[in-house]
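**Student:** Given chain U's structure and the hints, the job is docking chain V onto it.
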Amino acid sequence: MSELGTIIHKAGNPIFPLLNLPTYTGSKDTTSLVGVLTRIVASTRPSTMNQSKELAYSSNAITLEEQLYNSRANCKLKIASVAMHLNQDWRTRFFMQLDNLLDINEWDEDDQPVTDDSFSTLLRLLLSIRPKRRPGLGATSNGHIIATWTSGKNRLTIECLPGDQIRWIVFSSIDDYKESAVGQTSLDRITDVLGPYQPEQWFDR
Amino acid sequence: MKSGDKLPDDHHIIRRIPFAKLRKDENDNIIGVLFEAFKLRHNEQTLSATYLEYFPGSKKEQIKRAVWAIRASNLSVTSRSGFAIGNVNAIHTACKNRNHKIRIVYEPEDDNKAHSSVRRLPRDDTDLLELLAAETWSELVLNKDIKPGEAPAPPFPASQT
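These protein sequences, in sequence, are chains U and V. The working numbering numbers the first residue of the first sequence as 10 and each following residue consecutively. The working numbering numbers the first residue of the second sequence as 7 and each following residue consecutively.
By construction, these hints were calculated from the structure, which means they are not laboratory data. On a predicted model such as this, the values are computed, not experimentally measured, just so you know. Possibly wrong hints are sitting among the right ones.
Capping the alpha-carbon separation at 20 angstroms, the derived lysine to any residue pairs in SDA-like fashion look like this [unchecked claim]: (1) U:Lys187 to V:Asn103; (2) U:Lys187 to V:Asp133; (3) U:Lys187 to V:Thr99; (4) V:Lys102 to U:Ala190; (5) U:Lys141 to U:Ala92; (6) V:Lys150 to U:Asp112; (7) U:Lys162 to V:Glu32; (8) U:Lys162 to V:Ile91; (9) U:Lys187 to V:Glu141; (10) U:Lys162 to V:Thr142; (11) U:Lys187 to V:Arg104; (12) U:Lys141 to V:Asp34; (13) U:Lys141 to U:Arg102; (14) V:Lys150 to U:Asp117; (15) U:Lys162 to V:Asp31; (16) U:Lys187 to V:Glu145; (17) V:Lys102 to U:Glu188.
Next comes chain U alone, as it looks inside the complex (with noise of 0.2 angstroms):
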């Protein structure tokens, strides 16, 4: 079991129906670290919803709120299971990132959230790659994060498919002359395929 495996196997807390994990009781440390999981799911939690809507996590009636709920959450805890490869400064302005994207209130209903496979595969990338800017952030219609880098004219935008695969799309424009590509790639490849196009003008600004 992994180390946020374990953590979030603690009984009687608000996330496990999220997760829906068997019961596990843990140390004092694994105690600890899980109040800290909750305040991060705790701050992501829509103001409008009530004790009788909480309950509904544990049941197959979601609505959207409650979708986008779960998805924020998921995302949250596995930034927090890759915690100490991100300094706190990134963390923290990541987790607002997110919250603006599954924003009930901006969100299209019509729009999947983002979805559990979709997102490890972007925390894989941005694990890979390092960047010292933070992407923006977008989604699609199917529930696959966006993620985005841009250069002045230049663009990267990397669309996380589940199953560590992306797509990658290129768009430059210098003076008249403007260049595009795209392609599929597994993400042992990315810094490969990127190579030709200059990649530290978009993540190491």
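**Tutor:** Just chain V, lined up with the frame of chain U:
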């Protein structure tokens, strides 16, 4: 002008873009449009937009009236929504250069008499959609920058009144 008529080349269309499909920087400042903003959903045959020159006045006035009409329609316009504006001929040309023969037509609907449709837009040409987002259909207006208010589009285009 009747439903199904092609829009003139020098005219424009405006499309609502939800926050999730706007391009942001790392601090969530909105800086453009994502390719996904022009991607057809599985259940869509055409891409919806609003015909800008349907409304009278200067371009600025047309944009305001078009946004007010979209706000008054069945579409959900949120505080962080944006609107992308594109020239009809430029969109045609971008598609034609990639061997897609699209049609941009006036197609009024009950909740938006200024509605227009982009027909035959390919579903899977990401390169084209990124070109539209980056250059061709990329003039961006933010909802927060348009004066509060909403008003349905009038029953006839400005050119017929």
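**Student:** Taking the hints in turn, state whether each one holds.
**Tutor:** Status of each hint after checking the structure:
The straight-line distance between the Cα atoms of lysine 187 of chain U and asparagine 103 of chain V is roughly 14 angstroms, inside the 20 angstroms bound, and the hint therefore holds. Taking the CA atoms of lysine 187 of chain U and aspartate 133 of chain V, the gap is about 12 angstroms. The hint holds against a cut of 20 angstroms. Taking the CA atoms of lysine 187 of chain U and threonine 99 of chain V, the gap is near 16 angstroms; set against the 20 angstroms cutoff, the hint holds. Our distance criterion of 20 angstroms between C-alpha atoms is met by lysine 102 of chain V and alanine 190 of chain U, whose separation comes to about 18 angstroms.
This hinted pair checks out: lysine 141 of chain U and alanine 92 of chain U have alpha carbons roughly 16 angstroms apart, not beyond 20 angstroms. With a C-alpha separation of about 17 angstroms, the suggested pair lysine 150 of chain V and aspartate 112 of chain U falls inside the 20 angstroms cut-off, and the hint holds. At roughly 16 angstroms between alpha-carbon atoms, lysine 162 of chain U and glutamate 32 of chain V fall within 20 angstroms of each other, so this suggested pair holds. A C-alpha spacing of about 18 angstroms is found between lysine 162 of chain U and isoleucine 91 of chain V, which places the hinted pair at or below 20 angstroms, so the restraint holds.
Proximity of lysine 187 of chain U to glutamate 141 of chain V is assessed by CA-CA distance (about 11 angstroms); at most 20 angstroms being required, the pair is judged to hold. For the proposed pair lysine 162 of chain U and threonine 142 of chain V, the alpha carbon gap of about 13 angstroms is at most 20 angstroms, so the pair holds. With a CA separation close to 15 angstroms, the supplied pair lysine 187 of chain U and arginine 104 of chain V stays within the 20 angstroms bound. Between the alpha carbons of lysine 141 of chain U and aspartate 34 of chain V the distance comes to roughly 16 angstroms, so the proposed pair stays at or under 20 angstroms and holds.
In summary, the hint linking lysine 141 of chain U to arginine 102 of chain U is supported, as the alpha carbons are separated by about 13 angstroms, within the 20 angstroms threshold. Straight-line distance between C-alpha atoms of lysine 150 of chain V and aspartate 117 of chain U comes to about 17 angstroms, which keeps the hinted pair within the 20 angstroms bound. Taking the CA atoms of lysine 162 of chain U and aspartate 31 of chain V, the gap is about 13 angstroms. The hint holds against a cut of 20 angstroms. A threshold of 20 angstroms between alpha carbons decides the hint, and for lysine 187 of chain U with glutamate 145 of chain V the separation of about 18 angstroms falls inside it, so the pair holds.
Pair hint lysine 102 of chain V plus glutamate 188 of chain U holds up; C-alpha atoms about 18 angstroms apart against a cutoff of 20 angstroms.
The structure fails none of the hints (numbered hints given earlier).
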